[in-house]
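Peer 1: Listed here are the chains, written in short residue letters.
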Amino acid sequence: MDVEKLIQIISEDIPRRKTPIHRIILSFIIRDFKVWWTYKFWLVLDIAGIIIFILTYYLFSFITTPQHIQEAGYTVGGYFTFALIGIAFQHYVHFAVQTINESIRDEQWNGTLETILSTATDFKVFLLGEVCFSFIVSSILLLMSILIGIMLGAVFYTTPSSILAATILAMLLIASHMDIGILSTGVIMKVKQGSPVTWAFSWLSQLVSGVFYPLKLLPWYLEWLGKAFPLTYSLDGIRLCLQSAKDLTSPAIVSNIIYLFIFIVVATPIALYVFKIGYDSARRDGSLGQY
Amino acid sequence: MVDYALETFDLTKIFESREDGVRRVVRAVDHVNIRVRRGEFFGLLGPNGAGKTTLIKMLCTIILPTEGTAKVNGYDIIHEPIKVRSSIGWFHGETGGRSLYWRLNAEDNLRFYAYLQNVSRDVAEKRIDALLEFFDLSRERKKLVKDYSTGMKVRVMLARALLHNPPILLMDEPTIGLDTVSAVETRNLLKALNRELGKTIIFTSHNMFEVEQLCERIAIMKSGRVVVDAAPSILRDMLRDIRAVEVEVRSVDNLSELIDMLSNLSIVRKVVDVKNDPIAVTVRLQVDDEYEAIPLIADRLHRLGVKVSSIRRSEPTLEDVFVRLARGESA
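Residue numbers (the numbering used here), protein chains in the order written: chain R, 673 to 963; chain W, 2 to 332.
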């Protein structure tokens, strides 16, 4: 093609209209899916990892008594269902805490962050686009974990209204943990190192939030510490919904929702403030594209 | 009233860092005031570390200025970043193709950026086809970028900068990594975009030849400051006192011995440039008097046993301006 013809095509007088946000987000999802699809071996490893993890707790359930589970108010399913819910919803925890940070690091690593941020797309839309594919993958992995669990004998006791309550709690779980993710990304943009905030939060919450065992089994001080983490309230609420068919009329569910809501109201402005400091600082230092 | 595509107002960027507890302050860009008219082809030159890339990144809104501001297409880079970004096509050649998604093919890369730049689907598809054809990538459009050569990646990046038909192109070393044919085609394309569509082009390069060929006006940066801002012909006039000689010899076994010998000649002021190709070595020298220098150099090369292809008087080029300014001499 000669220069004149190319110029004619690219200069056609067509007014640019703002691309709708859903179209931009869809283009991020398509991009991430296509990139992810080139790593087929990872996909196999991800699924194998889930199966092995669930099998471990399935076998572990044979040597535990369901007594503590029932004492905690979770009516059916015993230890395996209890642990399965903890494992399955960990996918959302990982998504919410790590995705923004990992996406930005990936863009920096690829050398694409500065190019994206020099486009007409707003930074908030960019962040939203970056997390959508991970949300879809996490949801698929969560459902896959539940299905594998059911095949191995996990038992749930639910009603449509308890599933609705569990969905609301799952969204609050994501929103509360997303605050931690946003905050730690702000720190990482400034210090260019893995954030101790993310590390400490992820491990501590896994340890003391009742992912693998009821809080009552912990020493009093760890049980007390566990009450500071939003994951404790999310998992407790979700288990009550899925193992005991509790819904939004249950005081236990409402109190879990209130705690999570207060956490989000307090943490969101702090997280956004820290993120803005980190982002502005990286723009001032000229280190936005560096990892 | 002149309509400027780009204006900077005391634009300054200071980087601070700490090394071994010692605070270091670097003025990467220091009170730069440049004005580029709409439709102008403007060259930005300078040695490594002169502040060109920092300046361009501030114009792209990627880096915040420490002081001052700039207007791009009439929009302020601090307060109207989205409007600024809509107005520019940025190519940054120093990344060598790293700024693409290597696990996507060329058309998926372009399609993704088209949406981010508010180009509608139909228009994007048409332009992607045309750009891939122009840059000779049509046959490899479905191949993952990771399997492309550096030159092919550079061509995809150029296509990306043009996709949304911006009025201002910030071309940071656009011919870096391109073969000769692609470099010529790219220069022709930029020339045509400038002449036929009135695009304003800010062009940086280390290739003095292409800067002289393309740019109507050139700013030379040194240590964050613009030390010269003039037309190439004016810059050359400023160098009338420069006498230069170009020596071409068959390839030599010991190049540094040859360069040492030439630079130690009393009549040679400095070695400006050395091009070492597989079949020939070309050395450009600044001398006191070219008519005295030519026989003297020929004699010394003959004694050294070097096979000389040519020794000739040479007109001053921007390379000479560049070397002069880079060494801190006045133009």
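Source of the hints: derived by calculation from the structure; they are not laboratory data. Treat the hints with caution; some may be incorrect.
The calculated lysine-lysine pairs, modelled on DSSO-like cross-linking and capped at a C-alpha distance of 30 Å, are [stated by the list, open to error]: (1) R:Lys690 <-> R:Lys677; (2) R:Lys796 <-> W:Lys72; (3) R:Lys862 <-> W:Lys127; (4) R:Lys712 <-> W:Lys143; (5) R:Lys690 <-> W:Lys72; (6) W:Lys144 <-> R:Lys677; (7) W:Lys72 <-> R:Lys948; (8) R:Lys796 <-> R:Lys706; (9) R:Lys690 <-> W:Lys143; (10) R:Lys677 <-> W:Lys276; (11) W:Lys84 <-> R:Lys862; (12) W:Lys192 <-> R:Lys796; (13) W:Lys308 <-> R:Lys677; (14) W:Lys271 <-> R:Lys677; (15) W:Lys192 <-> R:Lys706; (16) W:Lys147 <-> R:Lys796; (17) W:Lys72 <-> R:Lys712; (18) W:Lys72 <-> R:Lys706; (19) R:Lys948 <-> W:Lys84; (20) R:Lys677 <-> W:Lys192.
Peer 1: Next, verify each hint and record whether it holds.
Peer 2: Verification of the hints:
no., hint, in the structure
1, R:Lys690 <-> R:Lys677, "holds, 27 Å"
2, R:Lys796 <-> W:Lys72, "holds, 24 Å"
3, R:Lys862 <-> W:Lys127, "violated, 41 Å"
4, R:Lys712 <-> W:Lys143, "holds, 18 Å"
5, R:Lys690 <-> W:Lys72, "holds, 22 Å"
6, W:Lys144 <-> R:Lys677, "holds, 25 Å"
7, W:Lys72 <-> R:Lys948, "holds, 24 Å"
8, R:Lys796 <-> R:Lys706, "holds, 23 Å"
9, R:Lys690 <-> W:Lys143, "holds, 28 Å"
10, R:Lys677 <-> W:Lys276, "violated, 37 Å"
11, W:Lys84 <-> R:Lys862, "holds, 26 Å"
12, W:Lys192 <-> R:Lys796, "violated, 37 Å"
13, W:Lys308 <-> R:Lys677, "violated, 48 Å"
14, W:Lys271 <-> R:Lys677, "violated, 47 Å"
15, W:Lys192 <-> R:Lys706, "violated, 36 Å"
16, W:Lys147 <-> R:Lys796, "holds, 29 Å"
17, W:Lys72 <-> R:Lys712, "violated, 47 Å"
18, W:Lys72 <-> R:Lys706, "violated, 38 Å"
19, R:Lys948 <-> W:Lys84, "holds, 20 Å"
20, R:Lys677 <-> W:Lys192, "holds, 14 Å"
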